[in-house]
Amino acid sequence: MPGKFIVLEGVEGSGKTTQLQRLQQWLSPQWPKEVVITREPGGTQLGGELRQILLAHRDGEPMQERAELLLYAADRAQHVEGWIKPQLAAGAMVLCDRYTDSTVAYQGYGRGLSLELISQINQLATNGLTSDLTIWLDIDVEIGLARAKKRSTLDRFEQANIEFHRRIQTGYQALAKANPQRIMRVDASRSIEAVTTQLQDILKKFLNLD
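Take 121 as the starting number for the sequence shown in this note's numbering and just add one per residue.
Hints are computed from structural coordinates only; laboratory data are not their basis.
A hint or two may mislead.
Said to hold, decoys possible - Simulated crosslink set (DSS-like; lysine-lysine; CA at most 27 Å straight-line):
1. Lys-205 with Lys-325
2. Lys-205 with Lys-153
3. Lys-205 with Lys-324
4. Lys-297 with Lys-324
5. Lys-297 with Lys-325
6. Lys-325 with Lys-153
7. Lys-153 with Lys-269
Unchecked claim - Derived Cβ-Cβ restraints for the label pairs, each shown as a range:
8. Asn-328 with Phe-284: 36 to 42 Å
9. Gln-141 with Leu-175: 19 to 25 Å
10. Asn-247 with Lys-269: 18 to 24 Å
11. His-177 with Ala-210: 34 to 40 Å
12. Asp-179 with Asp-307: 36 to 42 Å
For every residue, glycine included, the Cβ atom is placed at its ideal position computed from N, Cα and C.
Let the sequences and hints guide you as you build the complete structure.
Next comes the structure, spelled out in structure tokens:
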């Protein structure tokens, strides 16, 4: 497709939302078509409804792990076919907050679900669409959660115990090691400006920008 699909990944509080906005402002004058931001879950109207379900607290009936996995897959299937692919076909630069690696890290390493099963479900949900580049904003989980607590009311994932988040971090480390050509690591513990500079340097090389 003529467009580019760039994903930002990371644990809670890693700064993805802030950096996506800064990247959009920086890239827009340099990219011939539109530069758009989206997220998972929640990049479509249906996805927005699924996001509310996935992040809400349920005291009486906890969400089962496989149900959680399948809801994320439903969000992704709608997102890819209904929004991402049309944008890429039109030549847009799509900047996405989370994609398939989040499912591996959260539901695979975090929840302990089968990585083989997750791979099959991700393939079904994406119909084979992979990111052109994924940038992992790497930060200690304790620092990230402290940031998350400052910004808003914590969602269902942010309230999970620290061991859950450490397992997620282990998942990202394993993914980055296994996919060095696709996943680039950025030190997200630095200042917002320093992280932005790291991201810009990576994208200048990847996109052959001056």
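Evaluation of the provided hints:
1. As the CA atoms of Lys-205 and Lys-325 are separated by approximately 24 Å, the hinted pair is consistent with the 27 Å bound.
2. For the proposed pair Lys-205 and Lys-153, the alpha carbon gap of about 15 Å is at most 27 Å, so the pair holds.
3. Taking the CA atoms of Lys-205 and Lys-324, the gap is about 24 Å. The hint holds against a cut of 27 Å.
4. Between Lys-297 and Lys-324 the alpha-carbon distance is near 23 Å, which keeps this suggested pair within the 27 Å criterion.
5. Using a Cα cut-off of 27 Å, the hinted pair Lys-297 and Lys-325 holds, with the two alpha carbons roughly 20 Å apart.
6. For the given pair, Lys-325 sits about 19 Å from Lys-153 by alpha-carbon distance, which is consistent with the 27 Å threshold.
7. A threshold of 27 Å between alpha carbons decides the hint, and for Lys-153 with Lys-269 the separation of about 37 Å lies outside it, so the pair is violated.
8. Between Asn-328 and Phe-284, the C-beta spacing of about 40 Å keeps the proposed range 36 to 42 Å intact.
9. Remark: the range hint 19 to 25 Å for Gln-141 to Leu-175 is upheld by a beta-carbon distance near 20 Å.
10. Remark: the range hint 18 to 24 Å for Asn-247 to Lys-269 is contradicted by a beta-carbon distance near 37 Å.
11. Taking 34 to 40 Å as the suggested C-beta distance range, the pair His-177 and Ala-210 conforms, at roughly 38 Å.
12. Separation of Asp-179 from Asp-307 is about 38 Å and conforms to the stated range, judged on CB atoms against 36 to 42 Å.
Checked against the numbered hints above, the structure breaks hints 7, 10 and satisfies the rest.
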